[in-house]
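> Input sequences plus hints: build the corresponding full structure.
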Amino acid sequence: MKSISLKLQEQIFEETESLLERLDTSRNKYINEAIEYYNRYQRKKIIEEQLAKESKLVSKDSLNILHEFEILEDEL
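Taking my numbering, the leading residue of the sequence shown gets 648, the next gets one more, and so forth.
Note that these hints are calculated values from the structure, not bench results.
Fair warning: this is a prediction, and the values are worked out from it, not measured in the lab.
By construction, the Cβ of each residue, glycine as well, lies at the ideal position given by its N, Cα and C atoms.
With a Cα cut of at most 25 Å, we get these calculated DSS-like pairs of lysine-lysine:
#, residue 1, residue 2
1, Lys654, Lys676
2, Lys691, Lys676
3, Lys692, Lys703
4, Lys703, Lys691
5, Lys676, Lys649
Between beta-carbon pairs, the in silico distance windows are:
#, residue 1, residue 2, range
6, Gln658, Asn686, 22 to 32 Å
7, Gln689, Glu662, 14 to 24 Å
8, Leu713, Gln656, 48 to 58 Å
9, Phe716, Tyr688, 37 to 47 Å
10, Ser706, Tyr684, 26 to 36 Å
11, Ile659, Leu713, 47 to 57 Å
12, Lys691, Gln658, 19 to 29 Å
13, Gln689, Glu717, 37 to 47 Å
14, Gln689, Asn711, 33 to 43 Å
15, Thr663, Asn686, 17 to 27 Å
16, Arg687, Glu657, 20 to 30 Å
Here is the structure:
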């Protein structure tokens, strides 16, 4: 396990301490869970952005292919 030094804004620290008392959990566990949650959120956001970018790249080709299929259907 790695150790780090962390500086928090006073308001965030106080709110966290209050929550820790109510949740009856350790500060270390709480911060680890919070960072893990935020990492999952960021990974999901990166994937969504990548999918949007790639969808844009193929959208024109997809429309062209759809148009070609429509022409083939009309011919049949």
